[in-house]
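A.B. asks: Once you have looked at the hints, place chain V on chain W.
Residue numbers (this note's numbering), protein chains in the order written: chain W, 53 to 565; chain V, 11 to 256.
Among the hints, a few may not be true.
To be verified - Think about it this way: if two alpha-carbon atoms lie no more than 30 Å apart in a straight line, the pair counts; the simulated DSBU-like pairs of lysine-lysine are:
#1 W/154 to V/28
#2 W/539 to W/472
#3 V/97 to W/154
#4 W/212 to W/328
#5 W/309 to W/231
#6 W/212 to W/134
If you are wondering where the hints come from, they were derived from the structure by calculation, not from laboratory data.
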Amino acid sequence: MKRVEVFRGEYYDSVTLMLVAKELKKIEGVADATLNMATQANLHIMAYASFPVDSIAASPDDLIIGIDCSDDLWPSVLEKAKTYLVSPPWKSREVSTEYNPKSLEGALSVLPEANLALISLPGRYAAAQASRALERGLNVMLYSDNVSLEEEIRLKTLAKEKGLLVMGPDCGTAVISGKGLGFSNVCPIGPVGIVSASGTGLQEVMVQLNRLGVGVKHGLGTGGRDVKSSVGGISSLAAIDALKDDSEISVIVAIGKPPSPEVRQKITDSLKSSGKHAVACFMGESARSDEPGLRYTTGLEECAVVTASLVRGEDPQLARERLWNDYREVETRGRREGAGISGRFLRGLFSGGTLCYEAAQVAGELLGEVYGNAPLREELKLPDSLDPIENSFIDYGEDEFTQGRLHPMIDPSFRASQLKIQAEDPSVAVVLLDIVLGYGSAANPSEEIVKAINSIDRKNGPLFVAYVCGTEGDPQVYGRQIDLLRKAGVYLFESNRRAAIFAAAAVAGKEKR
Amino acid sequence: MISLYPSGKSSDWKKDRKVFTVHSAYSSVLNLAGEDGRRYSLITDGHDFQPRSALIEAFPDLKASESVSVILEDVGISYDPTIVREKVNPLWRGLWLEWLDFLEEDMLCCLLPFVADPGQMLGLGPGSTPAGDDFIAGFATALGWSESEASWNSGEFTAILERVDSCTTWFSGEMVKDAVDGMIWLRGQQLCKALAGGSSSEALTAVGQIYGSGHLSGRAWLAGFSAGLERSLSHSVPKRNGGQFS
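Isolated chain W (complex conformation) (with noise of 0.2 Å):
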């Protein structure tokens, strides 16, 4: 039986949440536990899974506890969560290892040369921190979500006046010198600099670049609103300012959805004058012809290649025709491959954002008419994104499903079990999805949507198509994860846009028999 419990006022950090669920499952007799701040978003969700919160009066700021077990175990249960969340069981009694400061001005007296704060808090406190980082000459890479864009634009303001640069909010992937910040895969150093608006995207051009052999040593990322007219680009323009100046540095990359007209006007001026090769990729924008100094591309995967030829002094344009052959040759495989299958539409289910509007975007180029939570135009917004229609992409990265509870890279247990409810819906063809390996994702997050896969309950299932999105060196190991999702029936592909036209094509020769 499920039941739920609410303790008002109880603050617990998502990661805390997740493992807690995760030791209650463990407990024999535990059909399901789910622990989250009662957000209208995770209220919704837990209603969605038959948790009876309907008549619950519960804030955001309060914690909601749901577990599925018979009625004799649930006080044990319940105590037991109260306990693992005071005391997590997972936390070893840490004596001799090294403190880790707490404040600011504490971590700046152990490291005093320190130029970059990495800001992850709740959005409503982020902003105060942020400034107090730029008063301290630091620059600012803002994970956090949920700040007021007029509190962006003061801190980017303040930044500029400082000549310091602000990466975010809502940027969960930079990479200086190397090093990844956030959500990063472990690739090699190299001469591209790259700045970018979008997330995954940063890191879906980092890969295939690292496939293509060629390395990057800034990615620095804007945060998805910079582009926008309202903050005028100032990080954007901050950020390719940065890397003109960088003499290791032989082309930049600029990464992102289509700007604002007049913000893209002024990256594409400053990228033409860089003195650089520079290469341009407006996610979304129709494909233009080239510019003295600058490349304009429309994906990923040819932001990549394009970058990889100009770093290697070959022709762009021979490397795109091979791209385009290529993709041709995955739309004709994908028409096949789909003739045999039962069901009529494409479901995404994403954990990447940028990753999820590129796929969306090819599959509306061959199918029409895309829904989803973030869609590519509003009119196609789903009403409910627990209940997709038709042709449907779902980005469970969105603030819908990560406030209060963790985002999907890190724990893929939420799109996992919409994965089986999707898989099994008759009328479901593919089911496409994106695999982010890298530092901040899960330990091993092809586990659990195998085990999803192997759960359904379906006769000729749906087709199952994946991108992973990562390394060899990553710490989740790409020829790892690849296994496992080919051993259980799972069509892989190179690029998030190889498995979105296959997985599209297969819908696509569907409905034309």
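C.D. replies: Here is chain V on its own, set in the frame of chain W:
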């Protein structure tokens, strides 16, 4: 009666042969009550040296109230717990100031109202060594160590010593008395040495060894040490500013 033969001792353990009563036994520490009413300890880990302690390879399973004889003839001095005044390196101020924020934690916030008058913390807080006593011990240690004798208010500490036996547990009172008497545990001594120097790794290791000790003790001691350092440097109580001490 069982006789125990340590291999090293602290310099303040004077008599070579003595009978003690077992007060409490843990896996690596055996606390004993001496005939003089003071706490003595046998330790199996050299990192746990403190005033009146001796290092022993192992000790048998002993129960509270049992009598034991500790033989220290020809045993060398392994540790001197006397606090030696030094000048704290102000580089670390940002680090020690944040220790006051430990008092924001649920189990320690009962101490917050008394930061300006630590004597009021005697016996305050949960546990057999109340966190208030740890705070006082850290506070007294900082004032006794840092090179600013003017900040030592003997009246304040005389008042604490007068009340210590009636206001807190015997074991905890012993810790307070030692700190006020200018005696220090090894982890505290290592912290003082690190804060007088300039090595980040030494400082972080020394703080880490105290931070992780006990359920709350380490953090309460560090908070007290921080308040003591602030007193010794500025003669003023740290002020709270927007939720943080500064």
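A.B. asks: Determine which of the earlier numbered hints do not hold for this structure and return their numbers in increasing order.
C.D. replies: 1 and 6
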